[in-house]
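Protein chains in written order, with the numbering used here: chain A, 1 to 486; chain B, 1001 to 1455.
Treat each hint with caution, since some may be false.
To be verified - Dumping the calculated DSBU-like pairs for lysine-lysine here, alpha-carbon to alpha-carbon at most 35 Å:
(1) B:K1133 - A:K368
(2) B:K1194 - A:K368
(3) A:K379 - B:K1254
(4) B:K1254 - A:K267
(5) A:K379 - B:K1093
Claimed, not checked - Partial selection, computed: residues in chain A whose CB lies under 10 Å from chain B:
(6) S372
(7) L384
(8) N386
(9) R388
Hints were generated in silico from the structure; no laboratory data involved. All C-beta atoms, glycine included, are put in the ideal place defined by N, C-alpha and C.
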Amino acid sequence: MKVTPLVIPLAINFLLLGLCFFTCAYAGFLFYQEPLLPWIPAIIIPLLLSLVLYLCKGKQKKTYISQREILLTTGLSWLSAGIIGSLPYWILLHCKFSIGLFESISGLTTTGATTLSNLECLPQSLLLWRSVSQWLGGLGFVVFFVTFLGTHGNFQKRLYLQESTSVEESVSLFHMRKNIAYSFFIYIGLTILCALSLSQCNMSLFDALCHALTTVSTGGFSTHSAGIHHFNSLKIESILMIFMLLGSIHFIFLIQVFTPQGPKLVKNSEFKTYIAIILIATLVCTRVLYPKVYPSLPETVRHALFQVVSIGTTTGFHSVNFVSWPNITVLILLMLMFIGGCTGSTAGGFKVFRLVALCKILLAHLEKIFRSNIVRVLKIDGVLWNERRQLDLLYFFALNLFVMAIAVVFLQLLMPTIDFLTNVSAVVASLSNVGPGLTSSIGPNATFVTFPPAAKILLSVLMLLGRLEIYAILVLLTPKFWKRFD
Amino acid sequence: MQFVIIGAGEVGFCLCKHLLQNNHEVIIVEKDVPWAKLLGESVLARIIAGDATLFSTLQQINLPQTDAVLAMTQDDAVNILACTLAKTLGAKKTVCRIHRDLHPNTQKFNYQAHFSIDHLIDTQHVCAFEIAKYIRDPHRVAIEQFSRGKIEIQTLELKEKSPWTGKTILQLALDNNIRIGFIKRDQQHFIPTKDTVLQAHDLLTLAGDNVHLSRLRTQACIRQNVFTYITLFSASKITVSLLQLLHNPYYKVKVIEEDMALCYQLAEAYPNVSVIHGSATQLSLLQEEQLHASDYFVACSSNDEKNIIACLQAQKAGSKKTLLWVNKEDYDAVCDTLKDTLHFNHLVLTKSCIIKDLESILFPQEISILGTLGNDESAPELVEIHIPSGTAIEGLTVDNIPWPEHTLLLVLKHRFHTKVPGAKDCLIGGDCVVAVVQKKHRDAIIRLLTQKTSL
């Protein structure tokens, strides 16, 4: 296996993290007079690592990069970013290895699960890093920088295909760069717009910026322990809902809204299904909650919609403690967690596009049961799904369920006293990059601090698996991956 | 008359025999030398052995003297090139056999105009058209065939709640691309005028392009719940042509095909068609596919024997009507016996379809009646009229022509393009029109469009 292709992405990774640490530390020093000194080791380590890697890179040759090397690069980039990203937590908070790693990976994978309480007491520079880590994670920084700075054409393309969910394999490098550039500008534009909108609603500029960074990336870290409930503002919730939704829709579709192809978005089956899911879930939750839990209908709609959008977009913000809601609503939220957002967005989960395809495949299969000779061709939005693609989806679905089941068993072994719903919701919330669980012990008003270190590491691995669509991490654990091919 | 046939394959040879039987002079150009020699001994035609795409071969014929050159080989490229070359060398009329859909109305690139070909003929499509005529209203299919799919004919029944009921045609403000050809009310057909008030249960026959007609259907809140179920055997070229002719959503079509790869191709190209993998000669499959609910079973595979067995099995499975396509010329003689003995509802013979179509091209009638909708004098008729050069109406726009009462222009064919004519469309010599006219006014319109006197 060639190691040279790994060097540049890792060096870029570390350089970027070092620069981000410096920016956060300097902002804390400049605006909140926080000391710079504790940040120094956190800044120096990644920069030094980056320099060493750069010096070791040797002469880069334009050679063919195999699928194995791409997978290794993707997996290692995210793993190393998770470890380096936890440096500020270890150094500034003197916390355990598992807590720092959990927090860092939860940030970079845009999950939003936390082990930290009393967020108001933390240094502002660290809170800013938490938010920035989610923003970077949402951007998929490895792909972005490697595509623009890297040299290997096939490497960039494969990396792009590895990390994005619904792109055609025929995409050209030019087209890919154009797509990434458009997505990047939309991402920045949405963040700025969200921060400006929030700052107009009695939110401090710092809170507005941090929340904008974690909303557009559908991350869900807040600067307050009480989350969005801290602000108790309909305006803020509405703005957050809009940007959470925008962050969870395919960014290329957002461009199309402003082009003559605008109506194409409305015709897109993933978008239609996604909006239908959100609306139906809100309707059912409202029906269940009103008037038993909330006596006023507008208040019920407000809370139901916010929670549904927040969980459905895999952001994980909360405006109320939804774990106290009736079981049926909790189940709906669990399903939303699993489904997640749209492809080509920052949202996690199984993805609505896959759900649409899965339903169509299963329906076609059901027809085959009573009409064995029928030949149907699966087409979604005019794109043909051949048998291989259908099988790939079924494997992915099965693998998702398998990983989930194994994780549930492991978590039960690590925490024998944990109840089933807490266990399942912790696993689903981590794998779908949502964040908070659906029971009181890991819900909106609690953290994962009570989990043993091994459980935290297990959940961190699940977050990485969820962010990288399972395969990129899982293949690293197979012995054959590391051996010479027969 | 003198005709040149390029390619003496199944179609070319059959055509040659037919023309010779009708006392025409035929010259055959055949590339296959041994076959050409054999032909020379068996038919009374002049045989030229050589490649028709070469100038040296066609130079041996006095092309300006011939009435038409018919390129009938299996190869589209050869046919097109031979026709172009023949036209350049002075052929009066060229007819090119095609296998792919290269018609101007269905292609962005106009092959016909670019290569100066007078007529394109797709033999499989011609057969499919004959089958479709039996399944659908023949008048409608005739017009659609005339316009090569550019114009569709649909029948709508007005419901009491329809927003059109009680309105005049003028008030409907119909798009320029749409015509209400005729209306059936109380078992009587009539041609509407702009002041005709529409009533509930009126059966309107409309002509126009598919997109506009679908929109119109929605506007008029007309939903049809009666479907016609059609089962086709095999995914042959005829099936594909048939699917194009039966693309109306009220035809529920299923295709039975043995080849899995073809099944996938067809399912991909026609998502609304149910494609069944299997053989229609298997009774269990037909029963499993509920053939008793099928209104028509059409056996149109390239294997005649299989077609016959499939039709018999379909009858056994309960199909209401069975249609058989006979491919081999040899079987023509036994076709009538087959039809009567085995009780097949309709038989389509490749040979007769092609000859009929070619005759309409080679010996065009100035006027042909496509259909009559009633017996009395006021009943509407569909008339196809070729406008000769030098007529009084030549160069006039449609709104400037003094049309007889109750006349409606449905389709205008100008060289290679077909459309629903608008008021500002100009009629010139060589154009062809399809009009709906009352029987009693038929002669008046023919006179108007063909007489060379001043108005």
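Report task. Please work out if K379 (chain A) and K1093 (chain B) have their alpha carbons no farther apart than 35 Å. Result -> Between K379 (chain A) and K1093 (chain B) the Cα gap is close to 45 Å, so the pair fails against 35 Å, i.e. violated.
Requested in this report: Double-check L384 (chain A) for me: the hint is only fine if its C-beta lies closer than 10 Å to a C-beta in chain B.
Outcome: Hint holds; L384 (chain A) Cβ to chain B Cβ min 6 Å, cut 10 Å.
**Report entry** Straight-line alpha-carbon gap K379 (chain A) to K1254 (chain B), limit 35 Å
**Finding:** holds (19 Å)
Report task. Return the status of the interface hint for R388 (chain A): holds when the least beta-carbon distance to chain B is below 10 Å, violated otherwise. Result -> violated (13 Å)
Report task. Could you grab the alpha-carbon distance between K1254 (chain B) and K267 (chain A) and see if it respects the 35 Å cut-off? Result -> Roughly 28 Å separates the two Cα atoms, so the pair holds.
Report task. Please verify that hint: S372 (chain A), Cβ, nearest Cβ of chain B, below 10 Å or not. Result -> holds (8 Å)
Report task. Verify the proposed pairing of K1194 (chain B) with K368 (chain A), using a straight-line Cα cut of 35 Å. Result -> The given pair, whose Cα atoms are some 53 Å apart, is violated under the 35 Å limit.
Requested in this report: May I ask you to test the interface hint for N386 (chain A) with respect to chain B, counting a Cβ-Cβ separation under 10 Å as satisfied?
Outcome: holds (9 Å)
Query raised in the report: Regarding the pair K1133 (chain B) and K368 (chain A), is the alpha-carbon distance no greater than 35 Å?
Result: OK: K1133 (chain B) and K368 (chain A) at ~34 Å, within 35 Å.
Violation of the numbered hints given earlier is confined to hints 2, 5 and 9; the remaining hints are satisfied by the structure.
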